[in-house]
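So the protein lines, in turn, are chains Y and S. Under our numbering, read the first sequence as residues 1 to 114, first letter to last. Under our numbering, read the second sequence as residues 1001 to 1113, first letter to last.
For the record, the hints were derived by calculation from the structure and aren't laboratory data. Hints are supplied without guarantee of correctness; some may be wrong.
Unchecked claim - Now the stretches of chain S that chain Y is said to cover, found in silico as 3 or more residues with beta-carbon under 8 Å:
(1) 1041-1053
(2) 1086-1100
Unchecked claim - The calculated BS3-like cross-link candidates involving lysine-lysine, where the alpha carbons are at most 30 Å apart (straight line), are:
(3) Y:Lys52 x S:Lys1041
(4) S:Lys1041 x Y:Lys101
(5) Y:Lys56 x S:Lys1055
(6) S:Lys1055 x Y:Lys101
(7) Y:Lys60 x S:Lys1055
(8) S:Lys1041 x S:Lys1066
No experiment lies behind these values; they were computed from the predicted model shown. By construction, the Cβ of each residue, glycine as well, lies at the ideal position given by its N, Cα and C atoms.
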Amino acid sequence: GDSVTQMEGPVTLSEEAFLTINCTYTATGYPSLFWYVQYPGEGLQLLLKATKADDKGSNKGFEATYRKETTSFHLEKGSVQVSDSAVYFCALSVSPEGGNKLVFGAGTILRVKS
Amino acid sequence: GAVVSQHPSWVICKSGTSVKIECRSLDFQATTMFWYRQFPKQSLMLMATSNEGSKATYEQGVEKDKFLINHASLTLSTLTVTSAHPEDSSFYICSARDSGTQYFGPGTRLLVL
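Based on the provided sequences and hints, a complete structural model is requested.
The following block contains the structure:
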């Protein structure tokens, strides 16, 4: 079945450091790929998405590129801030907008120190 | 933006009792809601898809008689964990679909003693 694997955390960085959170997937079809973020005490929020190969999703300085050849969707940010501290989930769905079944990775905790 | 709430945020109960968790879409109507379960350091796993006015669709391996889902209105879905046992202790998260996108609630932590 479909699955998502992302790097274990926690990831601890200093402010303004470069961030990479790795995500790879296994799927039988051609899924859409998502990154969700969960801030303390809040629900998951969609951070960015990509619906086909070579698409780049971006939002709030975060980027991820849909790499079909490596089945990856790594999340990057050039300069993290303390406010980026949260849990990040990589996910896939056969639905372009993620409105149907989402398959999630285990989540990666990011801690940014000032 | 679309907001989804859950109540309660956490609950502790004795083994053998039933627990009801509510999921509400606050500023939109949702014909479809989803229930997920998350174990520590593991993925969110979809338990069931809840459709307003009809029976829920359960994922393989999820006991429908154990996890009762009711979606009686366009803004409310409930998950009842019946005869809860310690192995049911987990973090339960709901989401509601609006215009093709899922919006998530903050989750409910259940501890069964």
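A quick look at each hint next to the structure:
Under the rule that three or more residues need a Cβ within less than 8 Å of chain Y, the assignment of the stretch 1041-1053 of chain S holds, with 7 such residues. With 5 residues carrying a beta carbon less than 8 Å from a beta carbon of chain Y, the stretch 1086-1100 of chain S meets the three-residue requirement, and the given coverage holds. Distance check on the hinted pair: Y:Lys52 and S:Lys1041 sit about 29 Å apart at the alpha-carbon level, within 30 Å; holds. Between S:Lys1041 and Y:Lys101 the alpha-carbon distance is near 20 Å, which keeps this suggested pair within the 30 Å criterion.
Straight-line distance between C-alpha atoms of Y:Lys56 and S:Lys1055 comes to about 38 Å, which puts the hinted pair past the 30 Å bound. The hinted pair formed by S:Lys1055 and Y:Lys101 meets the criterion: a straight-line CA distance of about 17 Å does not exceed 30 Å. This hinted pair does not check out: Y:Lys60 and S:Lys1055 have alpha carbons roughly 39 Å apart, beyond 30 Å. As the CA atoms of S:Lys1041 and S:Lys1066 are separated by approximately 24 Å, the hinted pair is consistent with the 30 Å bound.
Figure legend: structure checked against the earlier numbered hints; hints not met, in rising order: 5, 7.
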